[in-house]
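Colleague: One-letter residues, chain by chain:
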Amino acid sequence: MPGVADFYALLGVPRNAITDEIRRAYRESALRLHPDRNVRPGDTELFLDVNKAYEILADPERRRAYDEELAEYEAELSRSGVFQVNVQHSRRTILELEEPQVHYLLVDINPSPGVSVPRPPVNLCLVIDRSTSMRGQRLDQVRSAAQAILNTLESEDNASIVAFGDTAEVIVSPDHARDQSASRARLSLLQASGGTEIARGLETGLSELSAHFNREGVNHLVLVTDGRTYGDEAQCLEMADRAAKQGITISGIGIGADWNDRFLDDLTGRTGGTTVFLDTPKTVSSLLRRTFDSLSQVFASHLRLEGAFSQQVELRSVFRLLPDATPMADTLPLMLGNLPREGTIRLILELIVHPAAQMTELTLAHFSVVGEIPRLKSGEQRVPVVAVCPLSKEPDASPPPSDIVSALNLIALYRMQEKARHEAELGQSAQAARRLENLAMHLLAAGERDLAKAALSEAGRLVQTRHLSTEGEKRLKYGTRALLLPSKSSAP
Amino acid sequence: MIECPACKHTEFVGTMYCSECGTRLIHVSPMPTMTIPRDRIEAVALATKPSPPEGPDLESGAILGLRIASSGEIVSLIGRESYTLGRAIAGQAVVPDVDLEPYNAYEHGVSRMHAEIRLKPEGIHVVDLESANGTLINGHRLDPQAPTLVRHGDIIQLGRLRLQLISRYRG
Numbered sequence: 001m002p003g004v005a006d007f008y009a010l011l012g013v014p015r016n017a018i019t020d021e022i023r024r025a026y027r028e029s030a031l032r033l034h035p036d037r038n039v040r041p042g043d044t045e046l047f048l049d050v051n052k053a054y055e056i057l058a059d060p061e062r063r064r065a066y067d068e069e070l071a072e073y074e075a076e077l078s079r080s081g082v083f084q085v086n087v088q089h090s091r092r093t094i095l096e097l098e099e100p101q102v103h104y105l106l107v108d109i110n111p112s113p114g115v116s117v118p119r120p121p122v123n124l125c126l127v128i129d130r131s132t133s134m135r136g137q138r139l140d141q142v143r144s145a146a147q148a149i150l151n152t153l154e155s156e157d158n159a160s161i162v163a164f165g166d167t168a169e170v171i172v173s174p175d176h177a178r179d180q181s182a183s184r185a186r187l188s189l190l191q192a193s194g195g196t197e198i199a200r201g202l203e204t205g206l207s208e209l210s211a212h213f214n215r216e217g218v219n220h221l222v223l224v225t226d227g228r229t230y231g232d233e234a235q236c237l238e239m240a241d242r243a244a245k246q247g248i249t250i251s252g253i254g255i256g257a258d259w260n261d262r263f264l265d266d267l268t269g270r271t272g273g274t275t276v277f278l279d280t281p282k283t284v285s286s287l288l289r290r291t292f293d294s295l296s297q298v299f300a301s302h303l304r305l306e307g308a309f310s311q312q313v314e315l316r317s318v319f320r321l322l323p324d325a326t327p328m329a330d331t332l333p334l335m336l337g338n339l340p341r342e343g344t345i346r347l348i349l350e351l352i353v354h355p356a357a358q359m360t361e362l363t364l365a366h367f368s369v370v371g372e373i374p375r376l377k378s379g380e381q382r383v384p385v386v387a388v389c390p391l392s393k394e395p396d397a398s399p400p401p402s403d404i405v406s407a408l409n410l411i412a413l414y415r416m417q418e419k420a421r422h423e424a425e426l427g428q429s430a431q432a433a434r435r436l437e438n439l440a441m442h443l444l445a446a447g448e449r450d451l452a453k454a455a456l457s458e459a460g461r462l463v464q465t466r467h468l469s470t471e472g473e474k475r476l477k478y479g480t481r482a483l484l485l486p487s488k489s490s491a492p
Numbered sequence: 493m494i495e496c497p498a499c500k501h502t503e504f505v506g507t508m509y510c511s512e513c514g515t516r517l518i519h520v521s522p523m524p525t526m527t528i529p530r531d532r533i534e535a536v537a538l539a540t541k542p543s544p545p546e547g548p549d550l551e552s553g554a555i556l557g558l559r560i561a562s563s564g565e566i567v568s569l570i571g572r573e574s575y576t577l578g579r580a581i582a583g584q585a586v587v588p589d590v591d592l593e594p595y596n597a598y599e600h601g602v603s604r605m606h607a608e609i610r611l612k613p614e615g616i617h618v619v620d621l622e623s624a625n626g627t628l629i630n631g632h633r634l635d636p637q638a639p640t641l642v643r644h645g646d647i648i649q650l651g652r653l654r655l656q657l658i659s660r661y662r663g
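As they're listed, the protein sequences go chains X and B. Per the working numbering, the first sequence runs over residues 1 to 492. Per the working numbering, the second sequence runs over residues 493 to 663.
Fair warning: there could be bad hints in the mix.
Derived pair list, reagent style SDA-like, types lysine to any residue, alpha-carbon separation capped at 25 Å [said to hold, decoys possible]:
(1) B:500 with X:444
(2) B:500 with X:317
(3) X:245 with X:317
(4) X:474 with X:326
Don't read these hints as lab results, they were simulated from the structure.
One chain only, chain B, in its complex shape:
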């Protein structure tokens, strides 16, 4: 099957126009969407670890930030001991502290409550909140609900959305 990039409707391979929204699918892919073995994804993720970010791009007063890997935009995290990451949906009761929807979170497979960043005396922890598509730190998949120590420059990958941690936190 192939997936319509506009509406996520699945169609048979070879379909030329999405039956749901009319989007042209000819160039989407003449081949079905591949399932890549997990260890291969992790190998790729490891090989492409970028160098630590430079420069103080954080808002004043912020000691933590997340750089969106694809666009370079920076989200500053201010004033809390912990931050939940996910995507907000109108009408939903529980809203994450950091809404990643402006960065195409849904398309990248980010869950509504995907992961949490916790500031602890011993350092910064990332916890996967039993997300659908998992959380990876520098290419290593986290076990759900298991806090993992992260440092400045680490890549936090939510589904397929890659974020780089910017930290001036000293614990």
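Chain X extracted, bound-state conformation:
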């Protein structure tokens, strides 16, 4: 299929950009890419492409013809694509208003039915915190969980185990991973001591993964920790960004009350991964098992949502609802991690739509779902999607889709918890306590008695000590998030 290049993306302008804007964008990139000035190889070719893009887009006649060609090509791509992307709107119409309004999009990404892929090989690295606080039950449980994973490796899989405290070392290398007696002996030598230098652990783990990087498989790092890293956070985040670009996902397991949940959420979120809170190390084994199983059932990896919003539209927030519930970054591209073979990635996007000039419908955004399918086809797969909504003077009387309403309801609870925590940190403990009491009321109404109790007890603690407990913070945060998962929301 002959491709049609996306000139709008090339110039970095929205599809409904006016000619002035296109001219400005063209000048900017032309200056940067001009053969007299450019430095990187390939820039001259890019310069020629940019020139061609401008030539066409600046001429209304040719632009119209090109727009048609592009739309046709993208429609064909979505029909034949390996992903199915479905977009639901919170309202069927956007109001013609002279003030901004909120509009939600529920985006579902599924594998196309006709496309079946074999189990991908898994390239896994377990990065285990062995700082002093892990001593005893925590390290014992993690050690046996790690051994259990090694025992289930299939012939094409690769696994390694890295431990870190003040320094990091490879405990089990991929060469020894399948030799059970060797790996058991190596793991038994793993003793708790030292601090929590996450950057060292990550660095060693990522270099193990890169050394055995499997372009046709799934490459994943699991970080298990119970403590805080100090001073090397920025370095860790940078490594996560590089890993994401390479196609490595990172997930986190935080045990107990004393790890830094915001940092770990940020770190894993950048790669499309997620963080899980365990109040007891007993469940680490089943959690690792599930993580490994889901990796072996990946349909597409390195998945992202790319694209651009129209001028009138800005992205206010994104929440992923499936396969796990987690808030996401609010800029495109969004790193989505892995798409399960029998599953869905579901996102809810909160948009602010600014007043639009006279028109009958508004194109909110042009998205592309981009990812790689291990084994099936080489190279990147791309499925374009356009989100369009008609405009109307009258509000849409029909109720919004129930999936959107129920998700937003629970996200509102999650946000209240975040707000209360923020207020507590600012010293506004009375306000935070009131908010938690209000949250508890909503949780009770939703039948979440345990979580409501936790919220109330934190509210009481705020009144007495002016602070939240580190465990309570995490319980509320991950507890309200977990409400969004299907097993929870379908329960009475």
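Given chain X's structure and the hints, the job is docking chain B onto it.
Modeller: This is chain B only, laid out in the frame that chain X set:
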């Protein structure tokens, strides 16, 4: 913008749940809160003037009362030459003689010191105490601090809270 009915937080049109208190906003209004021209409000107020109240619902000894238009409850005014109307707030130094907070005064835009009723030899006067949302008598807006004569059955509107004057005062 739309306003959360529970906590008065304002949100963009289209918002489904209040970001402040979690209240469901889907049915609040899919349209922004309208600004209605003042003369239209006054026209509506004039057109809906109720008939004079019947029956002696006042407490014994009272010659003045206020009927809350929305609920029909009656507040008797006893033993003074003048009554300030408003809403009391805990910890506030100056408290109005008649606290309208039990009748959702805040939601109706009643100021803390909103208006005053004065008994004068020539009759009963209502004075607007420079309230934020103004005082209307039978739909006519009063100038601040200007005493206006009222009679039995008149509608005194504080912000959006409508009260009907019950009077056996003869001056």
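Colleague: Each hint: holds or not?
Modeller: Structure-based check of each hint:
1. B:500 with X:444: 23 Å, holds
2. B:500 with X:317: 23 Å, holds
3. X:245 with X:317: 22 Å, holds
4. X:474 with X:326: 13 Å, holds
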